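Trainee: Model the placement of chains C and G on the given structure of chain Z, informed by the hints.
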Amino acid sequence: MATPLKDRLPPIGQLGPFIALLIACVIFGSTTDRFFSGENFSLILQQVMVVGVIAIGQTLIILTAGIDLSCGMIMALGSIVMTKVAADLGVPAPLAVLAGIAVTTLFGLLNGLLVTRVKLPPFIVTLGVFNIAFAITQLYSGAQTVTEVPGLMTWLGSTFAIGGSNVAYGTVLMILLYVGVWFWLRETASGRHVYAVGNNPEATRLVGIPPERVILGVYALSGVFYGIASLLAVARTGVGDPNAGQTEALDAITAVVLGGTSLFGGRGVVLGSLIGAVVVGVLRNGLTLMGVSSVYQVLITGILVILAVTVDQLSRKGGR
Amino acid sequence: MFQPTRLALASLLLGSTTLAFAAGEPVIGLITKTETNPFFVKMKEGATEAAKAKGGKLLSGAGKADGDNAGQVTAMENMIAAGAKTILITPSDSKAIIPAIKKARDKGVMVIALDSPTDPADATDALFATDNYKAGVLIGQYAKAALGGKPAKIITLDLFPGHPVGAQRHNGFLKGFGLPAPDAKSNELGKDARIVCMADSFGDRAKGQTAMENCLQKAPEVTVVYTINEPAAAGAYNALKKAGKEKGVIIVSVDGGCAGIKDVGAGVIAATSQQYPLKMASMGVDAGIEYAKSGKKVSGYTDTGVTLIAAKPVAGVDSKDVKTGTDLCWGAK
Amino acid sequence: MAATHRLVMQAKGLVKRYGQVTALDGADFELRAGEILAVIGDNGAGKSSLIKCLSGATIPDEGELQLDGKVIRFKGPIDARREGIETVYQDLAVAPAMTIAENLFLGRELRRAGFLGNVLRMLDKKKMLEISVARMNDLKVGIRSMTQAVETLSGGQRQCVAVARAAAFAEHVVILDEPTAALGVKEGNMVLELIRRVRDKGLPVILISHNMPHVFEIADRIHVARLGKRAAVLNPKKISMSDTVAVMTGAMPPEKIPAECLAH
Chain Z
1 MATPLKDRLP
11 PIGQLGPFIA
21 LLIACVIFGS
31 TTDRFFSGEN
41 FSLILQQVMV
51 VGVIAIGQTL
61 IILTAGIDLS
71 CGMIMALGSI
81 VMTKVAADLG
91 VPAPLAVLAG
101 IAVTTLFGLL
111 NGLLVTRVKL
121 PPFIVTLGVF
131 NIAFAITQLY
141 SGAQTVTEVP
151 GLMTWLGSTF
161 AIGGSNVAYG
171 TVLMILLYVG
181 VWFWLRETAS
191 GRHVYAVGNN
201 PEATRLVGIP
211 PERVILGVYA
221 LSGVFYGIAS
231 LLAVARTGVG
241 DPNAGQTEAL
251 DAITAVVLGG
261 TSLFGGRGVV
271 LGSLIGAVVV
281 GVLRNGLTLM
291 GVSSVYQVLI
301 TGILVILAVT
311 VDQLSRKGGR
Chain C
1 MFQPTRLALA
11 SLLLGSTTLA
21 FAAGEPVIGL
31 ITKTETNPFF
41 VKMKEGATEA
51 AKAKGGKLLS
61 GAGKADGDNA
71 GQVTAMENMI
81 AAGAKTILIT
91 PSDSKAIIPA
101 IKKARDKGVM
111 VIALDSPTDP
121 ADATDALFAT
131 DNYKAGVLIG
141 QYAKAALGGK
151 PAKIITLDLF
161 PGHPVGAQRH
171 NGFLKGFGLP
181 APDAKSNELG
191 KDARIVCMAD
201 SFGDRAKGQT
211 AMENCLQKAP
221 EVTVVYTINE
231 PAAAGAYNAL
241 KKAGKEKGVI
251 IVSVDGGCAG
261 IKDVGAGVIA
271 ATSQQYPLKM
281 ASMGVDAGIE
291 YAKSGKKVSG
301 YTDTGVTLIA
311 AKPVAGVDSK
321 DVKTGTDLCW
331 GAK
Chain G
1 MAATHRLVMQ
11 AKGLVKRYGQ
21 VTALDGADFE
31 LRAGEILAVI
41 GDNGAGKSSL
51 IKCLSGATIP
61 DEGELQLDGK
71 VIRFKGPIDA
81 RREGIETVYQ
91 DLAVAPAMTI
101 AENLFLGREL
111 RRAGFLGNVL
121 RMLDKKKMLE
131 ISVARMNDLK
141 VGIRSMTQAV
151 ETLSGGQRQC
161 VAVARAAAFA
171 EHVVILDEPT
181 AALGVKEGNM
191 VLELIRRVRD
201 KGLPVILISH
211 NMPHVFEIAD
221 RIHVARLGKR
231 AAVLNPKKIS
241 MSDTVAVMTG
251 AMPPEKIPAE
261 CLAH
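Residue numbers (this note's numbering), protein chains in the order written: chain Z, 1 to 320; chain C, 1 to 333; chain G, 1 to 264.
The following block holds chain Z by itself, in its conformation from the complex:
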């Protein structure tokens, strides 16, 4: 039987962020003349690429009805590890990057183990790990920014020209990662299991999929993404900054919620988080171009978050 058109369109919760983005672009495009340019858009993508990649991991975790408050701190730790290992120990850049990603993955695994084995609530676990990661970052770096960063490590921050504007390699990487994860979540069994675990973990257990295995995998995998995000942070700023990452968790969660993923788990599309991150970046950029105080950016973001969650609630009551 043919699927009716209503069933084939994405639900309103998923179209919402895209519509918000369009409206924002139209408003900013008409009130300022510098908004609508390839250069500006490329800039916005670079500005959101760190939070954007972190949001991939956060999306996966929220899909399992969990949450990760430590993601920003783990990212900061990763960038300190990779820059210090290269600067202090003279390790070649690719290996140093791998070391950084290994550390962030380990922390992701730690989160996952505490959630699945010790059975602590994700909020508490990641809050604690936030503090631990922060302390280790400060101690290991001596609260000092690492400035001797090998050029290769910042390659993702460099740009190439496409049709008149400069696009950063890191932006391309972010988009590729999003597409890859979107594909995995949509088209493979293990991806679908993430949704099932978030929607009804007991059901997955009864059909033979241990939810703990899926959840542990998701936290560990998120750690990998945090590591990639730390490389992007280094590439963008050119340094290892121990004071970075303090607001990224909330920024990532905002992007995920704006993108239509439900905080209750089991529902959402990862590409939405990319749109959510871009919406925040567009707001910040557009309001600066308009000369509006950043207080309004915070206000509008807050309103959009409430709208997003409301739409999610309403669409679920309607059964869609």
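Incomplete in silico selection of chain Z near chain G, CB under 8 Å:
| no. | residue |
| --- | --- |
| 1 | Glu187 |
| 2 | Thr188 |
| 3 | Tyr195 |
| 4 | Ala196 |
| 5 | Asn200 |
| 6 | Ala203 |
| 7 | Leu206 |
| 8 | Val207 |
| 9 | Gly208 |
| 10 | Ile209 |
| 11 | Gly266 |
| 12 | Arg267 |
Calculated from the model, a selection of chain Z residues having no Cβ within reach of chain C, i.e. all distances over 12 Å:
| no. | residue |
| --- | --- |
| 13 | Leu22 |
| 14 | Val26 |
| 15 | Ile27 |
| 16 | Val91 |
| 17 | Ala99 |
| 18 | Val118 |
| 19 | Pro121 |
| 20 | Phe183 |
| 21 | Ala189 |
| 22 | Ser190 |
| 23 | Gly217 |
| 24 | Val224 |
| 25 | Ser315 |
Hints are computed from structural coordinates only; laboratory data are not their basis.
Computed from a predicted model, the values in this text were never measured in an experiment.
Virtual Cβ for every residue (Gly too), placed ideally from N, Cα, C.
Mentor: The following block gives chains C and G in isolation, referenced to the frame of chain Z:
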């Protein structure tokens, strides 16, 4: 945001129980806004060393984030309970902290505000501060003179709305630059036609870079950049470099940390107003020890000084060179 | 109704203890081919422990389990599924936000052939959809679209999906735990109809239920559990509902049951 205040408080309580048994040692409490800002890290180190040198015991604590008044109140209560007779505090909220300070002073504890005053300022026994407005004035004067005849197209990278230090430095800069500016008491950021873009950097490197990138989109013809602190300045420089504009733009900043002075030497920052967190801290410790010994309190406002550090001096503005700045700087050298 | 007496599943002398409590005290059990066997019993009678042993959710301390004459030992519910025994639990074990087709294949997804399936691990959604539609049509479940989310279905429809899923994959036995509980009259009848069709397709059904009218409507035989043992197996065509309840509660001891009420 979620700094390990619990860790600090736990060690505080532990330290203070041993304190209760260490008779005679003057106990001084230092409460900073946050644990992590290098400025406050240095302040704490300076205070600790001064206490050790003069035979006092230092307790330290902080709020969880800039603006966390409740955390500072808790720290104060715990320190007084642990025997602190002097409290040194950089108030996160200049008004909300007043009741807690009054309670402390009623108990005979001397309270000295560091770095920024309470509102009203006489709620504390004394204020050892740096004049953030003056710091802004100095770099404003420098920027004006260094600009020469070029048109003034100013971008300001501020802290975030409503913060007194952010407002004072910003407005001081405007005054020093010769533009109409609100006075030192104002919390509003002054505006002027020559400011082509204002954005918030939150004093953070990455956010400063983002703010500068956005402002550059709006006003690529910028000639002067005022930044709230040196991490923001570093971010601004990065943004300018990516746009190929770093050579023609004057960046000025405030703080005077060693990393920032290094940036002055490297040509990233043209001039910075150097402040002395260690001096504030050690003066505060000295006052606390004096009070414990002789009962004599300090009072009034003591300016701990600000020095303009610039690699290239300009006519009509007094500045010191990078070497002087390096000798006096705070942070790891 | 063709009732052959070939035994599909048999259990002898099952014992299960939980600490001081003896849930199963030498329970016997027989399931014949092509029948709907209802299992009834008061709370604490050992009904659920018996079913858990049959579905692999619990491992009995003593006793023997046979499937098609072969002695089997389950280490867990997955083993039971592998042997072709499918269980529908009371909470249905469905992910409400996912589609009917996805839920049908949850845990046993089909992959595409060749590179896409083996290397990229892509799911063959088209085929899973086709099979879902076919299975549902087989069992005459009247749900319009297999791509709608399970949460859009009524309680009765959801139950049908769960039952159809079990029937689609079971090779030997389907076990249903309280399938009509919490359903209204119309929906309950819909599910009963479906259960009959499952039986008619050749799958024997074990049905646990508290709902006497429903039990009497579709069961071929009634297994009464009492005090951790099998009290009797009754013929619903010959015994009255009230007598059945009496056997269940112990008011009518097994010796007193008239011969023609027992199932042969």
